[in-house]
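Peer 1: Residues per chain, in single letters:
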Amino acid sequence: MTTDWTVRGITRAMLPVLLVMTMVEVGSGLVLGSFEAELLQYPTLLVLVPVTIGTAGNLGSILASRLSTAFHLGTLSFSPSDEKLAGNAIATVALAVTLFPVVGAGAWALQAVLAGARLALGTVVLVSLASGIALAVLAVLVTVVATYIAYTFGLDPDDVVIPVVTNTCDVLGVVVLFSVVQLFVI
Amino acid sequence: MSVRSVAREAYEEALPALGMSLVGGLLAGVMLGGMEAELTAVPGLLVAVPALLATRGNVYGSLGARLSTGLHQGLVEPRVELGDERLRGATAAALANGLLASVVAAVAVFAILTALGDEVAGVGTLVAVSLVAGLLSGVALTVVVVLVVFAGYRRGRDPDTLVGPVVTTTGDVVGVASLLVAVRLVLALGGGG
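These protein sequence lines are chains A and B, in that order.
Quick note on the working numbering: the first sequence kicks off at 1 and runs consecutively.
Quick note on the working numbering: the second sequence kicks off at 1001 and runs consecutively.
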């Protein structure tokens, strides 16, 4: 048996990584805090926060687990011409292009019904889509680099890559949203 | 396989789970959007939000993965028995680590914002909100994860593929909802300054 199922054993395995990731997330919280005034002025942008963070993390973790599986099956090579790599990267961007306009429109509609809209529909969709595309590209880069590093060090990508990618994409989600809001809203 | 067919397969496989977690994320967002008053009353709370939400995903996602592996290896039985030592150990560890990480996040946010000279609520208020929110969401997510993993396994589904979408969808909603309850409770009991 490899896993110790006691509180002590699980804590020893989990806590160090968990605390590091918590501090990374506090860093992204500080970015969020730096545009708190804008978020409170336009609550529709606040509505976008969890879904942008979550979807960025999900895109990264899905890609990471697919690359991990391909890696375990021995069907992945780290070259730009690799079909698995290119296909999964394209799918990640396509998913973002499909989903983020829906996120923007959904956030705008819910906020309009519940509290009244202070931003135009087009602005919210634009913010969401621009964030989504930027995040998809970043998620692909982070995931490929993290998988490659795990592979180089002989680590199982399943153990390392998914938590690293998910939390990195969380942070990038906030940073990208912040940048896009600066560009299009303020 | 061509690039096109790989891309199509990856796209179609991911879309339903992502769509589901989007709905969860939007619901969480609407709750967060309605928390203007609370976020203003407890300065620094917004800074803690990503850490608190991520802790839910990290801790309870890992609980789900552990239970899935345990089921596959025959270490745990797919039924809820409070006497089962492994199940008890895994859930207690998840709760304890989740609470600890939440408190660390609250203290770190307080320390950093104080050092930066920014406006921040009292450390007691931030820790109290994080603890109550961590406890509420921890209990709710433990129940959800255990039930979904066990029920899925008994119906012949691979629990590994269920855990991710379920935790990300319910984690955001439960995370923000418990934060809302916690902050109102703490404010009502006199915290804030």
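Bear in mind the hints are in silico, worked out from the structure with no lab data behind them.
From the three backbone atoms N, C-alpha and C, an ideal C-beta is built for every residue, glycine too.
It is possible that part of the hints are untrue.
DEER-style ranges, computed between Cβ atoms [to be verified]:
| id | chain 1 | residue 1 | chain 2 | residue 2 | range |
| --- | --- | --- | --- | --- | --- |
| 1 | B | Ala1037 | A | Ala109 | 18 to 26 Å |
| 2 | B | Gly1124 | A | Thr69 | 45 to 53 Å |
| 3 | B | Glu1036 | A | Pro101 | 35 to 43 Å |
| 4 | B | Arg1155 | A | Val113 | 30 to 38 Å |
| 5 | A | Asp156 | B | Gly1156 | 40 to 48 Å |
Peer 1: Each hint: holds or not?
Peer 2: So, going through the hints one by one against the coordinates:
1. B:Ala1037 - A:Ala109: 18 to 26 Å: holds (23 Å)
2. B:Gly1124 - A:Thr69: 45 to 53 Å: holds (47 Å)
3. B:Glu1036 - A:Pro101: 35 to 43 Å: Violated, at about 26 Å.
4. B:Arg1155 - A:Val113: 30 to 38 Å: Once the Cβ atoms are compared, 37 Å apart, the range 30 to 38 Å for valine 113 of chain A and arginine 1155 of chain B holds.
5. A:Asp156 - B:Gly1156: 40 to 48 Å: Between aspartate 156 of chain A and glycine 1156 of chain B, where Cβ atoms are some 27 Å apart, the hint is violated.
When the structure is compared with the earlier hints, violations turn up for hints 3 and 5 and for no others.
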